[in-house]
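Student: One letter stands for each residue in the lines below.
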Amino acid sequence: MQISYTSQDQVEVYKFSVPVAVLVPLTAIFLQAFLPLRLHFFSIFDLPLLVVIFFAVARRSQVAGLLTGAAIGVLQDALTHHPIGVYGIAKTVVGYGASSIGVKLDVENLGARVLVTLIFYVVHEFVYFLVARGLVGLTLEWSWPHELGSAVANAIVAAILFTLLDRLKLRA
Amino acid sequence: MENLISRYRNVSILAAVLFVQVFGLAVQVKRSTEQQSTRLIRVWTVNAVAPLEKGLTWLQSGVSDVWHSYVYLRGVRQENRDLKYEIERLRLEQVRLSDDAEQARRLQALLGFKQKFISKTLAAQVIGSSGSEQSRSVFIDKGTRQGVEKAMPVITADGVVGRVLNAYSTTAQVLLMNDQTSGVGALLEKSRLQGIVRGTPLGEVVLEKVMSDEQVAAGETVLTSGGDRIFPKGLPIGTITRVSPGPGLFLNIRLHPAANLSKLEEVLVITKQEEQAASVADSGPTRAVDVLAQRLPSVPDKPPPDDKKQGTATVPPPLSPGAKQQPNQVPPNNAEAKGTNLPPETLPSTQSQGTPGGVTKPVTKVSSGTVPSIPHPKPAVAPTSVAPAEDKPQ
Numbered sequence: 669m670q671i672s673y674t675s676q677d678q679v680e681v682y683k684f685s686v687p688v689a690v691l692v693p694l695t696a697i698f699l700q701a702f703l704p705l706r707l708h709f710f711s712i713f714d715l716p717l718l719v720v721i722f723f724a725v726a727r728r729s730q731v732a733g734l735l736t737g738a739a740i741g742v743l744q745d746a747l748t749h750h751p752i753g754v755y756g757i758a759k760t761v762v763g764y765g766a767s768s769i770g771v772k773l774d775v776e777n778l779g780a781r782v783l784v785t786l787i788f789y790v791v792h793e794f795v796y797f798l799v800a801r802g803l804v805g806l807t808l809e810w811s812w813p814h815e816l817g818s819a820v821a822n823a824i825v826a827a828i829l830f831t832l833l834d835r836l837k838l839r840a
Numbered sequence: 448m449e450n451l452i453s454r455y456r457n458v459s460i461l462a463a464v465l466f467v468q469v470f471g472l473a474v475q476v477k478r479s480t481e482q483q484s485t486r487l488i489r490v491w492t493v494n495a496v497a498p499l500e501k502g503l504t505w506l507q508s509g510v511s512d513v514w515h516s517y518v519y520l521r522g523v524r525q526e527n528r529d530l531k532y533e534i535e536r537l538r539l540e541q542v543r544l545s546d547d548a549e550q551a552r553r554l555q556a557l558l559g560f561k562q563k564f565i566s567k568t569l570a571a572q573v574i575g576s577s578g579s580e581q582s583r584s585v586f587i588d589k590g591t592r593q594g595v596e597k598a599m600p601v602i603t604a605d606g607v608v609g610r611v612l613n614a615y616s617t618t619a620q621v622l623l624m625n626d627q628t629s630g631v632g633a634l635l636e637k638s639r640l641q642g643i644v645r646g647t648p649l650g651e652v653v654l655e656k657v658m659s660d661e662q663v664a665a666g667e668t669v670l671t672s673g674g675d676r677i678f679p680k681g682l683p684i685g686t687i688t689r690v691s692p693g694p695g696l697f698l699n700i701r702l703h704p705a706a707n708l709s710k711l712e713e714v715l716v717i718t719k720q721e722e723q724a725a726s727v728a729d730s731g732p733t734r735a736v737d738v739l740a741q742r743l744p745s746v747p748d749k750p751p752p753d754d755k756k757q758g759t760a761t762v763p764p765p766l767s768p769g770a771k772q773q774p775n776q777v778p779p780n781n782a783e784a785k786g787t788n789l790p791p792e793t794l795p796s797t798q799s800q801g802t803p804g805g806v807t808k809p810v811t812k813v814s815s816g817t818v819p820s821i822p823h824p825k826p827a828v829a830p831t832s833v834a835p836a837e838d839k840p841q
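So the protein sequences, as listed, match chains H and G.
Quick note on numbering: my numbering labels position 121 of the first sequence as 789, and the sequence is numbered without any gaps.
Quick note on numbering: my numbering labels position 364 of the second sequence as 811, and the sequence is numbered without any gaps.
What the hints contain is simulated information worked out from the structure, not anything from laboratory work.
No experiment lies behind these values; they were computed from the predicted model shown.
Check each hint, because a few of them may be wrong.
Unchecked claim - Some chain G residues near chain H, calculated using beta-carbon distances under 7 Å:
#1 V464
#2 Q468
#3 G471
#4 Q475
As the list claims (entries may be wrong) - Restraint-style ranges between C-beta atoms, simulated for each label pair:
#5 H:V791 to G:S459: 28 to 36 Å
#6 H:I712 to G:E526: 49 to 57 Å
#7 G:G522 to H:V791: 44 to 52 Å
#8 H:P813 to G:E713: 33 to 41 Å
#9 G:N494 to H:L798: 53 to 61 Å
#10 H:S685 to G:W491: 19 to 27 Å
#11 H:V790 to G:R538: 56 to 64 Å
#12 H:V686 to G:L537: 31 to 39 Å
All C-beta atoms, glycine included, are put in the ideal place defined by N, C-alpha and C.
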């Protein structure tokens, strides 16, 4: 695993075309809503979260990262029956955090990507847990085995997904 | 100052975005206790996602239909044989159960009992989910244009699924029974204890508000009680799998849902319920044993002059479900299936009469005297009718 500390000038910054920036998150949200009906185990994955992490790390811009996270989170909230903003807040934090990491560290290799996804999945679930319990009043139970298992599963999917999405990146 | 803002620009934007969302959340949580309204962003998102989901569902079901109907036919012959056997068995059971149902209806009529009946349902296909483990809801391909409204109950042939939470123009969101924010009034089938069925954060289904001093056994069926004024009484919710002492005065009862909530494909939305008082007229056929019990101790009343000719009574064709029995019609009965112990000479003899159409028509012959309302025995194989998928009367 190679995670190297670099200056902002040393890391490469990427951008995405408008269709990619719009269609990839929408596709992720659509698949997240559609696939669990056919493949029940798929509900442990969070494709929109993986897309947020990918865009945030690739763009290396904290503002772009948090805004992308907020937009995807709010859209994801719209499909649930909970108040809008629960996923929005969690993904805003993740977008900001992932892009901050991307600024400081080179997280382009496979091992770094898996580790970053693992950590930010747990961060996302923790923020969601806090907001859902504290602000919305949902009764949630925190289960470390469940969260860590889901984090590992998401990290594995992220490794594959990020490799596919790398082809859509453009040098800034 | 300007330097400070530019230095902390990113953190300031983060704080601003989070503040807006927290504020919006607080407003929604406050409003949800007063009056729930659908956010525009929800309508847009659902309307953007639903057509894709509908298209993919249609494509998937089309491919599946072609495969299972024309290509993969292994075991179909054996399955067909098994199903025919099952139909025969169920028909016999239906004859037996209809007798109990008739008796129950008569008792309900005596008590002036009022009950909600399902009078109209709408078949819908499940096209999508919320995509979240914390929000157990699904989207169906029918909306307000097809008559779906908020709070309508949703069921399958197996049991309760949930209720309509939001109805959009061509889709609707159904809150599943195993979501932690749902609740269904419940009744234990044997002990008649009442409680509330709720979901847990992990997606399990529990029965709450049953006192810990009550005797509840695993394996007992839980039905809807009708007390929530959403679901009609008597629909299966699930079966009790585990009973343990709860934290307070109540038992901790786990259920296995009757409907498979993790593999929903087609559901029925109950679009219309009617409250009816049970009446004897609705109770269907009168049993031969009841008629004879009334007549045997005393001399029978003189029949009305316009009655059937002495000795024979032709049986009308079977009534359609829900049709009321006319007084001058001889209702079908199941005396033969019941095997009454009355002497053979007092019972009407039956025989089948073939019709040109090939339909076997039972005919009742009375050996002596005139019995205006003597019911004919119900044929062993009850006539079946295929009801349309929509608006099927229950």
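Student: Now look at each hint and say whether the structure bears it out.
Tutor: Structure-based check of each hint:
1. Proximity of G:V464 to chain H holds as hinted, the smallest CB-CB distance being about 5 Å (cut-off 7 Å).
2. A cut of 7 Å between beta carbons decides the hint on G:Q468: the least distance to chain H is about 4 Å, and the hint holds.
3. For G:G471, the suggested interface contact is upheld, since its CB lies about 5 Å from the closest CB of chain H, less than 7 Å.
4. Hint on G:Q475 holds. Least Cβ distance to chain H is approximately 4 Å, under the 7 Å limit.
5. Separation of H:V791 from G:S459 is about 21 Å and departs from the stated range, judged on CB atoms against 28 to 36 Å.
6. Taking the beta carbon of each, H:I712 and G:E526 are about 35 Å apart, not inside 49 to 57 Å as hinted.
7. For G:G522 and H:V791, the hinted distance range of 44 to 52 Å is satisfied, since their beta carbons lie about 51 Å from each other.
8. Restraint check, H:P813 to G:E713: a C-beta distance of roughly 35 Å satisfies the suggested window 33 to 41 Å.
9. Distance hint for G:N494 and H:L798: a CB-CB separation of about 31 Å, inconsistent with the stated range 53 to 61 Å.
10. For H:S685 and G:W491, the hinted distance range of 19 to 27 Å is satisfied, since their beta carbons lie about 23 Å from each other.
11. Between H:V790 and G:R538 the Cβ separation comes to about 58 Å, which falls inside the hinted range of 56 to 64 Å.
12. For H:V686 paired with G:L537, a C-beta distance near 60 Å fails the hint of 31 to 39 Å.
Of the numbered hints listed earlier, those contradicted by the structure are 5, 6, 9, 12.
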